[in-house]
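Given these sequences and hints, build the entire structure.
Protein chains in written order, with our numbering: chain B, 1 to 396; chain E, 1 to 115.
Away from chain E, derived, C-beta distances all over 12 Å, residues of chain B:
hint, residue
1, V88
2, R91
3, R232
4, S349
5, L391
Some chain B residues close to chain E (C-beta under 8 Å, calculated; not the full set):
hint, residue
6, S203
7, L254
8, Y260
9, G281
10, P283
11, G300
Have a look at the derived ranges for each label pair, beta carbon to beta carbon:
hint, chain 1, residue 1, chain 2, residue 2, range
12, E, D94, B, S224, 27 to 33 Å
13, B, D131, E, G39, 52 to 58 Å
14, B, D128, E, R5, 43 to 49 Å
15, B, Q360, E, R5, 48 to 54 Å
16, E, S81, B, A118, 54 to 60 Å
17, E, L99, B, G223, 38 to 44 Å
18, E, D94, B, E145, 42 to 48 Å
19, B, C177, E, A98, 30 to 36 Å
Calculated directly from the structure, the hints in this document are not laboratory data. All residues carry an ideal CB built from backbone N, CA and C; glycine is no exception.
Okay, here's what each chain looks like letter by letter:
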Amino acid sequence: VTDKVLVVDDTLLNRRILQELLRRHEIDVVCAESGAQALEMMVMERPDLVLLDVMMPEMDGFEVCRRLKADCDTASVPVIFLSALGEVDDRVRGLSEGAEDYVAKPFENAEVLARVRAHLRLRRLTRDLQDRNKQLLEKQERLEEDLRAAADIQRALIPKRRDAVPGVRLEWLFEPCATIGGDIFCATRLDETRVALYLLDVSGHGVPPAMLSMMVAQSLAAGSDLVAHRTRNQPVTVASPAEVLAGLDRDFPLGRFDRYFTICYLVLDLASGRLCHSSAGHPSPILVRADGSVRTLDEGGTVVGLGDGVYAEGALDLAAGDRVYLYSDGITEHEHVLHGLFGPERLVSALSRHPEAGVQEICRGLRGALDAFGGGRAPIDDLTLLAVEYLGPPAP
Amino acid sequence: MPPDRRPAGPVEVFTFGVRLDAAEAGPARSEMKRAIAEGRCLLVLDLGPVRYMDSSGLFALIASLKDARAAGGDVALVGLSREMRTVIEVARLDRVFALYADEATAVAALGQGAA
Numbered sequence: 001v002t003d004k005v006l007v008v009d010d011t012l013l014n015r016r017i018l019q020e021l022l023r024r025h026e027i028d029v030v031c032a033e034s035g036a037q038a039l040e041m042m043v044m045e046r047p048d049l050v051l052l053d054v055m056m057p058e059m060d061g062f063e064v065c066r067r068l069k070a071d072c073d074t075a076s077v078p079v080i081f082l083s084a085l086g087e088v089d090d091r092v093r094g095l096s097e098g099a100e101d102y103v104a105k106p107f108e109n110a111e112v113l114a115r116v117r118a119h120l121r122l123r124r125l126t127r128d129l130q131d132r133n134k135q136l137l138e139k140q141e142r143l144e145e146d147l148r149a150a151a152d153i154q155r156a157l158i159p160k161r162r163d164a165v166p167g168v169r170l171e172w173l174f175e176p177c178a179t180i181g182g183d184i185f186c187a188t189r190l191d192e193t194r195v196a197l198y199l200l201d202v203s204g205h206g207v208p209p210a211m212l213s214m215m216v217a218q219s220l221a222a223g224s225d226l227v228a229h230r231t232r233n234q235p236v237t238v239a240s241p242a243e244v245l246a247g248l249d250r251d252f253p254l255g256r257f258d259r260y261f262t263i264c265y266l267v268l269d270l271a272s273g274r275l276c277h278s279s280a281g282h283p284s285p286i287l288v289r290a291d292g293s294v295r296t297l298d299e300g301g302t303v304v305g306l307g308d309g310v311y312a313e314g315a316l317d318l319a320a321g322d323r324v325y326l327y328s329d330g331i332t333e334h335e336h337v338l339h340g341l342f343g344p345e346r347l348v349s350a351l352s353r354h355p356e357a358g359v360q361e362i363c364r365g366l367r368g369a370l371d372a373f374g375g376g377r378a379p380i381d382d383l384t385l386l387a388v389e390y391l392g393p394p395a396p
Numbered sequence: 001m002p003p004d005r006r007p008a009g010p011v012e013v014f015t016f017g018v019r020l021d022a023a024e025a026g027p028a029r030s031e032m033k034r035a036i037a038e039g040r041c042l043l044v045l046d047l048g049p050v051r052y053m054d055s056s057g058l059f060a061l062i063a064s065l066k067d068a069r070a071a072g073g074d075v076a077l078v079g080l081s082r083e084m085r086t087v088i089e090v091a092r093l094d095r096v097f098a099l100y101a102d103e104a105t106a107v108a109a110l111g112q113g114a115a
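Shown next, in the form of structure tokens:
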């Protein structure tokens, strides 16, 4: 593509000289004999560079330049002043009006040509850069759209409603630190009376942990052999938490995806209130009784993926109004620059200080406490917490 | 930056930097893998300087433990600050890794197994 230069000069002879010089070097030239005509031609001809005389009747070159630079359609077109005024003041003024360069008359052909070429090259490079930048921004936008769509898919795996499971009330915080993260949780019915509750956290950040989290969630979905066996005409056999964790440890060895994950898995019998639990390398769930007393559910083993497959299991009885909180370490490791980590003590305090408050209120209070502690600093890990309140055995 | 690496008899000692996070975990893992591939599969990992470790960093340690044990070796951790000890304990990895108070004890303990 040939470059096009607009020559603006009220003297015919000057226009001719410049036109001939540039055309001889295969640069397209269009000419204007006044400032007003130059502004018109900018729109019609879209030149790549303007050679602009300073001293012209009516509108002088400074004014033309000021207008070109004020219009975002023409601001990026380089302007070179060309004038008999060789004084320092005029050069400075020309440049301060936004011109790129200045050539004094009488000029040397070689100098004009060299400056024009240099600015055309600079303009081409700038334009390439802008184009590439635009392409990158578009690509980035598409990627972010994909990420948001992926996050929606992941979000579809968590419970949709607070009362999704009869017999318990659910509440949660679920804030991936990027658009999408490696935390996920669920509450699913296993049979008429039993419910599985879990929360897991895949190592690393971004898309791969998110995909693995969804894969694990699928293998823990209701109807999966890992969580319950169904044989024709037989009652469902529900796998114990330790069995489920051992199964995951077998199915997701460390080397398979070059990641590990931590998880706490609980089975609650809604009829009796019996709760069985086990954690694999995961922060212990926190039990807050209706009377405000607190204990952690520590039984379990190490992270999933090591292939040891040995997980201890604990069991206890819940009464109506007791609450179990599952969470990932993004909460306790939420950081203040000076005061360190939020830590388990602050978490327990936020969850147990007001036993009379509803779970929704408590989760909201915790979110506020995290913000207040971190000084409004954005979390560097996913913030995930699932609150489960046992409502007591169903009425007979 | 990969961790600092030096031999101590049959044991290979690695010292990590202040952060062991997503950016540092890759080079750390590669360096430990290389040592194990060279037949140096008794590793003492000095976490003394580490002030921050995320799950990617922890993965590098766990993966190296698996690699080392598969090659007939073992991994010991030393120099754990209170924070690092908490990270290890929450993940219940204190039962998986051998933990020692200092490098000399760890090198002696691992080296004894080799002798």
